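Residue numbers (numbering that gives the first Met the number 0), protein chains in the order written: chain A, 0 to 196; chain B, 0 to 185.
The set of hints was computed from the structure by calculation and includes no laboratory data.
Please read these numbers as outputs of a predicted model, since none were measured by experiment.
Heads up, some of the hints might be wrong.
Said to hold, decoys possible - Computed Cβ-Cβ distance ranges for the label pairs, DEER-style:
id : chain 1 : residue 1 : chain 2 : residue 2 : range
1  : A       : Asp-140   : B       : Tyr-121   : 18 to 24 Å
2  : A       : Met-0     : B       : Ser-1     : 18 to 24 Å
3  : B       : Lys-75    : A       : Thr-195   : 52 to 58 Å
4  : A       : Ile-56    : B       : Thr-141   : 48 to 54 Å
5  : A       : Asp-140   : B       : Ser-17    : 52 to 58 Å
6  : A       : Arg-15    : B       : Thr-141   : 17 to 23 Å
7  : B       : Asn-64    : A       : Arg-3     : 17 to 23 Å
8  : A       : Glu-11    : B       : Thr-36    : 33 to 39 Å
9  : A       : Met-141   : B       : Ser-1     : 27 to 33 Å
10 : A       : Lys-78    : B       : Tyr-121   : 35 to 41 Å
As the list claims (entries may be wrong) - Not close to chain B: a few residues of chain A, all C-beta gaps over 12 Å, as computed:
id : residue
11 : Glu-41
12 : Tyr-129
13 : Glu-132
Stated by the list, open to error - Restricting the straight-line Cα-Cα distance to at most 27 Å, the calculated cross-link-like pairs of lysine-lysine (BS3-like) are:
id : chain 1 : residue 1 : chain 2 : residue 2
14 : A       : Lys-178   : B       : Lys-163
15 : A       : Lys-10    : B       : Lys-138
16 : A       : Lys-10    : A       : Lys-98
17 : A       : Lys-98    : B       : Lys-162
18 : B       : Lys-99    : A       : Lys-78
19 : A       : Lys-98    : B       : Lys-163
20 : A       : Lys-78    : B       : Lys-138
21 : B       : Lys-145   : A       : Lys-10
22 : B       : Lys-162   : A       : Lys-145
23 : A       : Lys-10    : B       : Lys-99
24 : A       : Lys-145   : B       : Lys-163
Heads up, the beta-carbon is just placed ideally off N, CA and C, and yes, glycines get one too.
Listed below, chain by chain, are the residues.
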Amino acid sequence: MYGRRACQLVKELSDRDAGQLTAFNRDLFDQVIKECSAHHLELQSLMRIIQEGGLDIQTTRNADHFGAAIHHLALIRNKRCLMAYVYNRTGTIQSLRWKVGPVLPQEIQEKLNYSEEEYFKNYSAALESYMSELELDLTVDMVPPKDPYIQVRVLDDIGDVLLSDQSPNLARHSMHFLKRTDAEQFISQGLMEELTG
Amino acid sequence: MSSYYDIDDIMMEDEFVSVVFQVAANGVGLLDPGAETNCVEQGSKVELPFWLSHELQLRQAVSVNIPACFNQKTRKEIQADAACVDLRNRCPYFYELGCKIAPLVGDRTIGSFLLYAFTGRYKEVLSKAHSAAIAVAPKFLTLFTKEETHLYEAARSSMAAFKKWRLGGPRFERASILGRKRKPND
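So here's chain A without its partners, still in its complex pose (with noise of 0.2 Å):
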């Protein structure tokens, strides 16, 4: 059937949890592509009759308009799906950065192709230059804190880093008494925990 792989696709985005990715589908994807072309030939064929038989192509509504026309109505199908596709996926890419930081961790950036890793270096230039303009950070917690300093665990091994403040050794396991605003793009990647009660 016209479009169905096409909607193999969209329905690809419609199974994953909300907001998570899936690597892209290059494979589908260019089947897709492939079934456009296919009913492209198709479309100029069947319009090549018609003029060939000397009817007017605008007002001719014979076998073959109406074959054209299904070619066509199944072209602008596929088209919206892959649209919907890529446009989809820049949202959660666009997300990605707002949560995660401008450095991607592994198994997320091999799940971009190579277009969708221009983009989101684009976006993050774009949204960095911004806020250096503002001189504020925008992707920080929105709410205001009552303590300036968290009480946090490291998950993973990091090592020595450099703070606004100090200049910790974070080993996994070991508990520190950190800036909220140091500690919570390690929290956002998966790296530390934030202590309560």
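Could you slot chain B onto chain A? The hints should help.
Just chain B, lined up with the frame of chain A:
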């Protein structure tokens, strides 16, 4: 009006409806499995996805039949006990398809039937969302259409957010986008 990029709208339009061709069409033999040549004859009855049937109906090339999920049998079952009918199995986009198909087939009873089915099931969806145990995927979820599943999830997440607000908890969490999976070396 749903957007051009809306995933659910695209998926909904892939539901099949049965149509009768009022004209012949060349070069599209794939649509009719019974066709001997590469064309569809006038008067042949085929199953087409909604996106195609809808456009062809506008061009007066096909006439659309009412899909099976809106037939008398389903209506009787909904009247008997709306909440127990397995609508997902009949059509996962029951309400959306119903809204779009009603003007095409000119059946004025579909609208009130949809409303009746929805109000009958809505109460059930909400009370189950608040009372069902967390973590286990409940059995009744398989009866819900896509729309009802969204409602159910919304009710669950607002309940979870309320509990979190009341009890308090860490402000910062690992970004959900990274997935729940822990790293293998943990």
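These are the hints, each one checked on the structure:
1. A/Asp-140 to B/Tyr-121: 18 to 24 Å: Between A/Asp-140 and B/Tyr-121, where Cβ atoms are some 36 Å apart, the hint is violated.
2. A/Met-0 to B/Ser-1: 18 to 24 Å: Holds, since A/Met-0 and B/Ser-1 (Cβ atoms, about 22 Å apart) stay within the stated range.
3. B/Lys-75 to A/Thr-195: 52 to 58 Å: holds (55 Å)
4. A/Ile-56 to B/Thr-141: 48 to 54 Å: holds (50 Å)
5. A/Asp-140 to B/Ser-17: 52 to 58 Å: holds (54 Å)
6. A/Arg-15 to B/Thr-141: 17 to 23 Å: holds (19 Å)
7. B/Asn-64 to A/Arg-3: 17 to 23 Å: holds (21 Å)
8. A/Glu-11 to B/Thr-36: 33 to 39 Å: holds (35 Å)
9. A/Met-141 to B/Ser-1: 27 to 33 Å: For B/Ser-1 against A/Met-141, whose Cβ atoms are near 30 Å apart, the range 27 to 33 Å holds.
10. A/Lys-78 to B/Tyr-121: 35 to 41 Å: Since A/Lys-78 and B/Tyr-121 have Cβ atoms about 36 Å apart, the given range 35 to 41 Å holds.
11. Glu-41: violated (6 Å)
12. Tyr-129: Consistent with the label, A/Tyr-129 stays out of reach of chain B, its closest Cβ about 21 Å off (over 12 Å).
13. Glu-132: At roughly 26 Å from the nearest Cβ of chain B, A/Glu-132 sits farther out than 12 Å, so the non-interface label holds.
14. A/Lys-178 to B/Lys-163: Given that 27 Å is the threshold and the Cα spacing comes to 24 Å, the pair holds.
15. A/Lys-10 to B/Lys-138: Holds - the C-alpha atoms of B/Lys-138 and A/Lys-10 are around 23 Å apart, at most 27 Å.
16. A/Lys-10 to A/Lys-98: The hint holds at about 25 Å.
17. A/Lys-98 to B/Lys-162: Judged against 27 Å, a Cα distance of about 23 Å means the pair holds.
18. B/Lys-99 to A/Lys-78: Status holds; Cα separation ~22 Å.
19. A/Lys-98 to B/Lys-163: Between A/Lys-98 and B/Lys-163 the Cα gap is close to 20 Å, so the pair holds against 27 Å.
20. A/Lys-78 to B/Lys-138: Violated: A/Lys-78 and B/Lys-138 sit about 37 Å apart, past 27 Å.
21. B/Lys-145 to A/Lys-10: This hinted pair holds, its Cα atoms lying about 13 Å apart.
22. B/Lys-162 to A/Lys-145: Since the Cα atoms of B/Lys-162 and A/Lys-145 sit roughly 21 Å apart, the hinted pair holds (cutoff 27 Å).
23. A/Lys-10 to B/Lys-99: Answer holds: A/Lys-10 to B/Lys-99 is near 20 Å, not above 27 Å.
24. A/Lys-145 to B/Lys-163: Given that 27 Å is the threshold and the Cα spacing comes to 18 Å, the pair holds.
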